[in-house]
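Per this note's numbering, residue 1 is the first one in the sequence shown, and the count goes up by one each step.
No lab work stands behind these hints, which were simulated from the structure alone.
Keep in mind it's a predicted model, so treat the numbers as computed, not measured.
Be aware that one or more of the hints could be misleading.
[Said to hold, decoys possible] In silico DSBU-like pairs for lysine-lysine, Cα to Cα no more than 35 Å straight-line: (1) K440 / K420; (2) K188 / K246; (3) K188 / K421; (4) K125 / K205; (5) K261 / K188; (6) K139 / K440; (7) K402 / K205; (8) K421 / K261; (9) K440 / K402; (10) K188 / K139; (11) K421 / K139; (12) K188 / K125; (13) K139 / K205; (14) K421 / K205; (15) K125 / K139; (16) K420 / K246; (17) K420 / K205; (18) K205 / K261; (19) K402 / K421; (20) K188 / K420; (21) K261 / K139; (22) K125 / K261; (23) K246 / K139; (24) K261 / K246.
[Said to hold, decoys possible] Simulated DEER-style distance windows between Cβ atoms: (25) P356 / S172: 48 to 56 Å; (26) L83 / N225: 32 to 40 Å; (27) D441 / Q214: 29 to 37 Å.
Each residue gets a CB set at the ideal place from its N, CA and C atoms; glycine is no exception.
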Amino acid sequence: MTAPVDPYEWRESVLSTRSLSYMSNADFFASASRSASLSHPSQRPRRDTQTSDGSDLVMGNTHDDGPHNSDNPNPNSSSIPQLPSSVAGSFLFTLPREIRDRIYTFCLAADNGTPVEWPLAPGGKNLCSLQPQLLRTCKIIHDESAPLLYSLNHLVFHHPSDANMFVRALASPPLARRFTTVVSLHIKATDTRLWMPYLTSTDSKRSLRADFPQLREIHVRYRSNRWNHSVPPEQNIRGCVGEDGKLEELIDGLRNVFLPKPLPKPRRSKLGGVDPLDEDHAQEESGKPLNEMNEDEFMRFVDARRPGEDLAFKRQLLELHKAHAPAACRAPQPPTIRVLCVCRVNPAHFTSITAPSSASPQQGGNPVPNNTPGGPAAILAHALNAATAAAEISTPLIQPVKEGEPFRGFTPIDFQGTGKKLRDAELGSARTATTPYVSKDGVLVALQLHTLDPAARTAGGGH
Numbered sequence: 001m002t003a004p005v006d007p008y009e010w011r012e013s014v015l016s017t018r019s020l021s022y023m024s025n026a027d028f029f030a031s032a033s034r035s036a037s038l039s040h041p042s043q044r045p046r047r048d049t050q051t052s053d054g055s056d057l058v059m060g061n062t063h064d065d066g067p068h069n070s071d072n073p074n075p076n077s078s079s080i081p082q083l084p085s086s087v088a089g090s091f092l093f094t095l096p097r098e099i100r101d102r103i104y105t106f107c108l109a110a111d112n113g114t115p116v117e118w119p120l121a122p123g124g125k126n127l128c129s130l131q132p133q134l135l136r137t138c139k140i141i142h143d144e145s146a147p148l149l150y151s152l153n154h155l156v157f158h159h160p161s162d163a164n165m166f167v168r169a170l171a172s173p174p175l176a177r178r179f180t181t182v183v184s185l186h187i188k189a190t191d192t193r194l195w196m197p198y199l200t201s202t203d204s205k206r207s208l209r210a211d212f213p214q215l216r217e218i219h220v221r222y223r224s225n226r227w228n229h230s231v232p233p234e235q236n237i238r239g240c241v242g243e244d245g246k247l248e249e250l251i252d253g254l255r256n257v258f259l260p261k262p263l264p265k266p267r268r269s270k271l272g273g274v275d276p277l278d279e280d281h282a283q284e285e286s287g288k289p290l291n292e293m294n295e296d297e298f299m300r301f302v303d304a305r306r307p308g309e310d311l312a313f314k315r316q317l318l319e320l321h322k323a324h325a326p327a328a329c330r331a332p333q334p335p336t337i338r339v340l341c342v343c344r345v346n347p348a349h350f351t352s353i354t355a356p357s358s359a360s361p362q363q364g365g366n367p368v369p370n371n372t373p374g375g376p377a378a379i380l381a382h383a384l385n386a387a388t389a390a391a392e393i394s395t396p397l398i399q400p401v402k403e404g405e406p407f408r409g410f411t412p413i414d415f416q417g418t419g420k421k422l423r424d425a426e427l428g429s430a431r432t433a434t435t436p437y438v439s440k441d442g443v444l445v446a447l448q449l450h451t452l453d454p455a456a457r458t459a460g461g462g463h
C-alpha cells in the first residue's frame, strides 16, 4: 500500500531559479516569492508584448504571494490586454522577448552591418537582405519589431531631400525620430550649398536635427575636388583638409548645431576678482535652485562666490551638479561627428604616399655610381651620404597622428600601414588608405585616398 501523495510536497524546477528574460523578474516581481512544480505547466494570459516579464510562464499548482504591481494590484483583472485570437496559438509568443528580438533581427538588420542606402540607385543591387514585410504580419509583431528596423541599421543619404522625405513620408515619423541613432551623409564638394541649409538649420520641418533628434553618430563622407595631380602629394595632403573652405564651412556648421558651446571664461577686473558684470549675473541666478541651473549659470554662481578657488575644483563641482540634476534638466549627450574627406588620386601619387620610406642612399635608394674605386665619384658619393645623414639627425622625426588627438595637419606617414584593397563587381578592385580620425574642435576628421587598381583599369579598357 502506497503512502498518499502530499499535494504540498514541491519539487524544484530549473525554471523556478532561472530568469526567463533579461528584463523579467527583477522589475516585475520585486516582492513576490514563487514556488514551482514540474507538473502541469500552464500559460497565463499575455500582457503587453512589448515587455518581457516572469508572468509569461506560470508553473502548475503555484500561487503568487502579494500583489505584483502597486499600480495594478489585481494582475488577472479584465483590463489587462490579451493576445488576439488570431495569434494566441502562435508558438512565437511562448518565447521570451529577447529570443523574439533575435528572430526579428535576422529579418530586419542588414548583413554584416552593410549600410542601407535610400533611395537605391537606379540599377543598383540591394546588398542588405532586409525583410521589412515582416512588419505587415500583425500589429503585435509590428509593435515589437519596428524599433529594431531603425535602431539596428546604418542609413545612408546622398541628398538632403532624401533624408527629409524618408523620415516624413516613407518611414513612421515617431519611430524614425525616436530610434534612428546613426546616419551617413555622402556630400560632394560641388553640393555643399545644397546641403548647408539642411545641416545648419533648426527648422522643425526640414533640418537634420529636427528629422533625427536622437542621433548618436553622424558620419559625413565628403568627396573633395582639391587634389591637383600636377603638384607634389605632400602639398595636396596639406590642402585637402587644412585649406578647403567648403570643408571648413561644413565642419563649422555641424559643430555649431550639434555640439555644445564651450563654457565662457570668467572675466576678471583689473583689480583682481570677478568682473562686476558676472557678479550681477550671479545675483540674478541666486534665486534659482541649483538643480535647475544650466552649466553656464552654475559656473557663474560658483565663480562669484569662490573667486580664488582652483578651476579644477570648480569643474568637479560642475560634474557633481550634472550628476545630481534631475533627468529632465540634463542636457542630452551630443552626437559623435565624423567627417571623412575622400580624394581620388592617380596610382603614382598613391604609391609614393603609401610606400614605406626607404629612399635614402643608406637604405638602398639610388646610390651614386662609383665607376672608379677611390676616385672622384667615390669621394662625391661619400660626401653626399655624410650630408644626408647629418640632415636626418638634425631634422626632428615626424610622428604619425594618433586617434582622437588635436588636429595638426596630415603627412604621408599618417597613411603608413593603412592600405586596403577593395573589390567591386562592376568597378573592379581599388586601393584605399586612411588616416586616423583627429579632433578639430570637437569634430573628428580623417583623410582617405583611393585609386583604381592599374590591373582593373587595363581590364576595363579591354571591354
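Going through the hints against the structure:
no.: 1; hint: K440 / K420; verdict: holds, 26 Å
no.: 2; hint: K188 / K246; verdict: holds, 10 Å
no.: 3; hint: K188 / K421; verdict: holds, 23 Å
no.: 4; hint: K125 / K205; verdict: holds, 31 Å
no.: 5; hint: K261 / K188; verdict: holds, 28 Å
no.: 6; hint: K139 / K440; verdict: violated, 46 Å
no.: 7; hint: K402 / K205; verdict: violated, 39 Å
no.: 8; hint: K421 / K261; verdict: violated, 40 Å
no.: 9; hint: K440 / K402; verdict: holds, 13 Å
no.: 10; hint: K188 / K139; verdict: violated, 41 Å
no.: 11; hint: K421 / K139; verdict: violated, 45 Å
no.: 12; hint: K188 / K125; verdict: holds, 22 Å
no.: 13; hint: K139 / K205; verdict: holds, 28 Å
no.: 14; hint: K421 / K205; verdict: violated, 42 Å
no.: 15; hint: K125 / K139; verdict: holds, 30 Å
no.: 16; hint: K420 / K246; verdict: holds, 28 Å
no.: 17; hint: K420 / K205; verdict: violated, 41 Å
no.: 18; hint: K205 / K261; verdict: holds, 24 Å
no.: 19; hint: K402 / K421; verdict: holds, 23 Å
no.: 20; hint: K188 / K420; verdict: holds, 23 Å
no.: 21; hint: K261 / K139; verdict: violated, 43 Å
no.: 22; hint: K125 / K261; verdict: violated, 42 Å
no.: 23; hint: K246 / K139; verdict: violated, 47 Å
no.: 24; hint: K261 / K246; verdict: holds, 22 Å
no.: 25; hint: P356 / S172: 48 to 56 Å; verdict: holds, 52 Å
no.: 26; hint: L83 / N225: 32 to 40 Å; verdict: violated, 58 Å
no.: 27; hint: D441 / Q214: 29 to 37 Å; verdict: violated, 24 Å
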